[in-house]
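Got chain A; can you put chains B, C, D, E and F on it based on the hints?
Chains as they are written, first to last, in my numbering: chain A, 3 to 285; chain B, 3 to 285; chain C, 3 to 285; chain D, 3 to 285; chain E, 3 to 285; chain F, 3 to 285.
Hints may be right or wrong, so weigh each one.
All copies of an identical chain are treated as equivalent in the list; a pair is satisfied when it fits inside any one copy or across any two copies.
Said to hold, decoys possible - With a straight-line cut-off of 30 Å between C-alpha atoms, the simulated BS3-like cross-links for lysine-lysine are:
| no. | residue 1 | residue 2 |
| --- | --- | --- |
| 1 | Lys246 | Lys18 |
| 2 | Lys172 | Lys9 |
| 3 | Lys278 | Lys56 |
| 4 | Lys262 | Lys246 |
| 5 | Lys172 | Lys246 |
| 6 | Lys215 | Lys18 |
Everything labelled a hint here was simulated from the structure, so no lab data went into it. Remember, predicted model here, so these are calculated numbers, not experimental data.
Protein chains: 6
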Amino acid sequence: MFYHEPKLQYTVRVDKPNPQFARLLQQAIGGIEGEMRVCLQYLFQAWGNRGPAKYRDMLLETGTEEISHIEMLCTAVALNLEGAKGDLIDRVVSENPIVENIMWGMDPRHYLSAGLAAMASDANRVPFNGSWIVGSGNLASDMYANVMAESTGRALATRLWESTDDPGMKDMLSFLIARDTMHQNQWLAVLEEIGGPTGVHPIPNSFPADQQKEEFAYTFFSTNVNRPAAPDARWASGSSIDGKGEFSFMHSQPMGEEPKLAPPIPSAYAQTDQMKDKGSSHQ
Amino acid sequence: MFYHEPKLQYTVRVDKPNPQFARLLQQAIGGIEGEMRVCLQYLFQAWGNRGPAKYRDMLLETGTEEISHIEMLCTAVALNLEGAKGDLIDRVVSENPIVENIMWGMDPRHYLSAGLAAMASDANRVPFNGSWIVGSGNLASDMYANVMAESTGRALATRLWESTDDPGMKDMLSFLIARDTMHQNQWLAVLEEIGGPTGVHPIPNSFPADQQKEEFAYTFFSTNVNRPAAPDARWASGSSIDGKGEFSFMHSQPMGEEPKLAPPIPSAYAQTDQMKDKGSSHQ
Amino acid sequence: MFYHEPKLQYTVRVDKPNPQFARLLQQAIGGIEGEMRVCLQYLFQAWGNRGPAKYRDMLLETGTEEISHIEMLCTAVALNLEGAKGDLIDRVVSENPIVENIMWGMDPRHYLSAGLAAMASDANRVPFNGSWIVGSGNLASDMYANVMAESTGRALATRLWESTDDPGMKDMLSFLIARDTMHQNQWLAVLEEIGGPTGVHPIPNSFPADQQKEEFAYTFFSTNVNRPAAPDARWASGSSIDGKGEFSFMHSQPMGEEPKLAPPIPSAYAQTDQMKDKGSSHQ
Amino acid sequence: MFYHEPKLQYTVRVDKPNPQFARLLQQAIGGIEGEMRVCLQYLFQAWGNRGPAKYRDMLLETGTEEISHIEMLCTAVALNLEGAKGDLIDRVVSENPIVENIMWGMDPRHYLSAGLAAMASDANRVPFNGSWIVGSGNLASDMYANVMAESTGRALATRLWESTDDPGMKDMLSFLIARDTMHQNQWLAVLEEIGGPTGVHPIPNSFPADQQKEEFAYTFFSTNVNRPAAPDARWASGSSIDGKGEFSFMHSQPMGEEPKLAPPIPSAYAQTDQMKDKGSSHQ
Amino acid sequence: MFYHEPKLQYTVRVDKPNPQFARLLQQAIGGIEGEMRVCLQYLFQAWGNRGPAKYRDMLLETGTEEISHIEMLCTAVALNLEGAKGDLIDRVVSENPIVENIMWGMDPRHYLSAGLAAMASDANRVPFNGSWIVGSGNLASDMYANVMAESTGRALATRLWESTDDPGMKDMLSFLIARDTMHQNQWLAVLEEIGGPTGVHPIPNSFPADQQKEEFAYTFFSTNVNRPAAPDARWASGSSIDGKGEFSFMHSQPMGEEPKLAPPIPSAYAQTDQMKDKGSSHQ
Amino acid sequence: MFYHEPKLQYTVRVDKPNPQFARLLQQAIGGIEGEMRVCLQYLFQAWGNRGPAKYRDMLLETGTEEISHIEMLCTAVALNLEGAKGDLIDRVVSENPIVENIMWGMDPRHYLSAGLAAMASDANRVPFNGSWIVGSGNLASDMYANVMAESTGRALATRLWESTDDPGMKDMLSFLIARDTMHQNQWLAVLEEIGGPTGVHPIPNSFPADQQKEEFAYTFFSTNVNRPAAPDARWASGSSIDGKGEFSFMHSQPMGEEPKLAPPIPSAYAQTDQMKDKGSSHQ
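Excised from the complex, chain A in its bound form (with noise of 0.2 Å):
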């Protein structure tokens, strides 16, 4: 269960307000590496996990907390829109300041949908998507997700970092890259508790070894017909990372025969062309 206060987890300060910059915040609201996805991603692999229940717990807070971050951004996206006033919309009667302000890099739909606040969805408008929310009941896959969502989240802020000079939104950015620096360690954590890479991988570690084809489980397939990958890489000789194999390399070679598939039937109705043939064989 959940509640709320109305102040914000941290300053969000606009000393200059942009409307552009509020359109580039956007991607870290509802942007696949945005806030409403490792909120949602977090919360949802919480509500569906079978223990160890420490995990849901921590996934829990952590979930809670990127509500508070979704809270902050769609505040500072509103204040940034502030500036579509002062210098353009106040010259309305002799130009057109809403298209002049489009013109330069506005979303439109930030105007002409929301009237000036932030929506749920990314830097070019496209909705927020809930395929994005990964939970597969596997806690290592899960984890991996996590940091994944925290690395690509955390290139992100620092790209928004970088693309605005105004010290309220430099500030408010470098709370939230240091929250994506704790956490990638949390997940990490995580990790390292249930075994780190040897005990972990592969990824499930519950399924029977003995029923993959283990002949190609640590053989790196080069389909370069020209060059071909150096067979001293890492990943194509030593021990393998999980510490359960060792590399080999091959060239990449059919093991399969061409397909054979029976002809169309009837009532699917292909064309009468096809249906005096055999099949898709060369026989």
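Same frame as chain A, now just chains B, C, D, E and F:
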């Protein structure tokens, strides 16, 4: 540049065609954990690679291998859909086999839209979506994205393996499961080469450390109002996983103020009640 | 800023786990009538609120409550999916329980992608979509959006209630149905406070009335060529509902001309036949 | 069944073609607040209408009128895009007019994909999405969906009106703004006819009142941990708007227990660490 | 401008209501091969038509006819869903008819979201998507898009015809199949009028022929590394179909160099390892 | 099975890097007219091909060639994005180059999400969508889908060619334009082989002709209420294009009745007013 040959990378044999299993296999083709995603993810990462060049080569190799996996799975779907013929479609006169087949969980579009062939979508026919393809320009976050994709992909393959007792299908899946093992190891090998967790993290490691709010970079924020997380959890005390800080613990509390937004601008046509107000503050 | 505690807002009890019902419950999580939509809609409206501040507070309160509803429903899904175990999955050796389960309407991705947990999508696994979240910057249209969301949401909840005879599930749904009653009333209370239909409409009420084509603002246009609507219908005669006009009736007829577009420009590379022409007019 | 004639419902005149304004107009065609949505929403509600029949007729009438609005807006887009010719595209030899045009906020796909014509998508070229079309089978929730669609649609139209000083475009928009006034009134007239707030609410009003948890149907839950909402707010005391209860106030508190999920089943291939556990409880 | 009348274009009669068939019919409403797509495609092509004007008229006529087809199919869906009542929903007390119905392949959202009416989506409830509507500004490519839409649409209709033995439904479908025949012929008639294959191709035929790399315009590139295509295939020798070249055959080989990208710029925050490098070349 | 080599199929040279043109090129990568679509469309058609086998081979060949085109375009995007460095990003200290760049039409996600590399989406960053990939199981409709894809694709390429004066980019595009010429001819060659318009149409040609309502198969229905189409148009008189009928002309008129739906079932919880009614008829 790319070439092909008509044979398959590995044998695809369906002993007992099963249109329901064809639907499940679609998840491994066009689902977020599927082969279209990893194939295109590796290729786009390769095409955008700005060095070191050896990783570009490796990404191209494995991206190319994945096209062969899509081909195998599409063949497997087509062969399983032939099961819609023998048992059911022959009975057309007396009853309604397609509707019956769909009653039993076959995807109707396998018949209606594709005439019994694979499609570029998932097990519920949600189309493949390009937003799933991650290439961030940061090698470490891309490698984590790849480990994660192969981990959820291998979990999916093991569940598909579990969902069939067709010997041919089990054989094909145990080959794909082995390749996922290799690919997990491969991306981990890159992470090892570029520094292991300590050197790789926090991602991106090129952002100047003194520009993040260091005091919040290794602190666990607990949002739980009545049962705080254990302060001695691995992620709340001791050395951080990236080796660059010390974990600490803090009860969540606001560090910012309640947000104050300006009143609506006239040209956004809020309700007149809103415009009488002085904005969103409580004074 | 947000907090949580590990207990649920209201009891979630599943007496007879049912993976098919788990699929139906997904509509109330990630469907357009579901809790993710109302939760995020209220929070985004709050974060963009430009006054009066008391409505911002109320939106935050109820948005926060809705997170707890998502949590309850996700828990209910996870518990219902445990039904996939007892009856079906134990029979793995002799038959194929997952395919059997899917034959009976279970969502295959609940097993394949989530390992028996809730996901951020609807009853047909179409992902939650951020475009559904409405926050227009106009308080009255937002309140109507909220009444509408709670109305379709309550209709959904009553149909889910009808679809189960599990006492635990019926109890949880009758709680959610009650909350939807409250929330409908809540948004109506705001509409009452800011003027009721007469003062609120037409929305937005801040647009200068003399700038709309007043002669068409209260006229019903009938497009029916052979059985015109009754001219004395409530919407074709008498005082308008907003109290600002008189309804009237008119047979649809064109008031504009046939459109004439310029011929294609050369750089758009139409067919040569098109470019010989003088544009889309009939002269 | 449907007919057409080649003239437009109302004059569409563009005095100063403006490709940037063409982009903005797209929001009124294929955006969530746009005419494709209301058109299809009214038609689908009509086609699914199960009585009273007079509402089916009215929905058909207005749904048909809305096709004429899409036609007007598409014509307006095509005429505005002719502005891409005179000023810019003639300068092809010496410079790059399309890129220049796009620099100024024109949608590149208006040229690249459509050869200077309207498209079925919004101002950011996100495609029209069928999920926006609401027809619930409950007349009252559908009428609220329609009021809401016309309210956000009228807000959009007023903002478009504000974004142009082209007399022809302002004239067309003031016609559409007037029609939105009429349509808001029309759906409100239906709500009046079927009972007004008191009889209509809670929606659906056919669900047996004694089957909802009555004690929670008129209680405001406050989630604010440090500044509770005013207990005398209109939504926390006094008679409820639907006239069927009394508002009351309650501090949010959990009424359910912490969820306990069963441990992972073996066939879902969680990590081995997860499967040693006893599920997600703390005992 | 548009009109309607309350009668249907053609009789819709359902002799044996079947909720499963209602689901299949949805593919013909909101699927990519469905009537919403052709309807809107023809109308958008008409509204963007820049001449010759007679094609604009024809597109408007047939686009208008297609609205009537959507209406017929939506009526058919609603009538088929009445089958959910008699057999199943009456048994509410003793068992769970909706879940049972869904077990048999009914779309749950037909009940949960629409109260037994058609929706704007496909057979798997993936929403109609505006990106499917093609209007390129080039008449020939639009006509091919229309032939293709009517071809996949007619294939779909024949498969639906095959999927039912309801005489009323078969009658309606054989009407729609006939209309698809007409519409295929209609778009082919336009292609004949504007030049037939020889004059129409390559599309667009207004692009200056000497600006394409003529030496590659009629050469079949074979990528097959071990069984080259027959050099005397129709597409590898003889006169080209557009009558403007001679087909020839070539083994695929690279004509470009290995790409060399510059190293990452600092402000994109790649990993430090990447930035030491000299870009993606092998030197 | 697939192979690659590190060289490109054709030279990609960018003389004047231009981040705005990089955005336009994305339409040719991940847009509906782009190379990802044709590549995957040909491969999926090949993998589902049920004969004649020679068409499977040809589809595989050209599908493989298209991967090389995606590679060329992604390389072109990456090289054009290097233009974001020289002119703009160097000026980081004194001004804000990224926002400036975005002001001029660069896609912000090229920097924020991809670190200056191509992405799997279109010119407005709408993600590639698997629903665009058509493989119907009917060879003729697939060939029309392919002609149409190459026609809109070639139109796009000519417009891109028009949008740049960079000699390297013009050279690459004139190569791609030539390949589109070849591919259009190739699919037309298949249509010629399997019968030309007369034998191919109506598609599917395997559906028994006597099962369509023959009397409506060659009749043009005119919906225009005040200016009927010319009865001697090519599509209203004379022999049909498929050679199997005679065109005729008819004024649209209803041949069906007004639909009558049953009243709502109780378990769908319509409003009580609706349930008193006798369904949607006028009696």
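Status of each hint after checking the structure:
1. Lys246 - Lys18: neither (56 Å within a copy, 34 Å between copies)
2. Lys172 - Lys9: within (20 Å within a copy, 37 Å between copies)
3. Lys278 - Lys56: between (64 Å within a copy, 14 Å between copies)
4. Lys262 - Lys246: neither (37 Å within a copy, 35 Å between copies)
5. Lys172 - Lys246: Cα proximity of lysine 172 and lysine 246: across copies only (22 Å, versus 46 Å in one copy).
6. Lys215 - Lys18: between (60 Å within a copy, 22 Å between copies)
Violated hints, in rising order: 1 and 4; the structure is consistent with all others.
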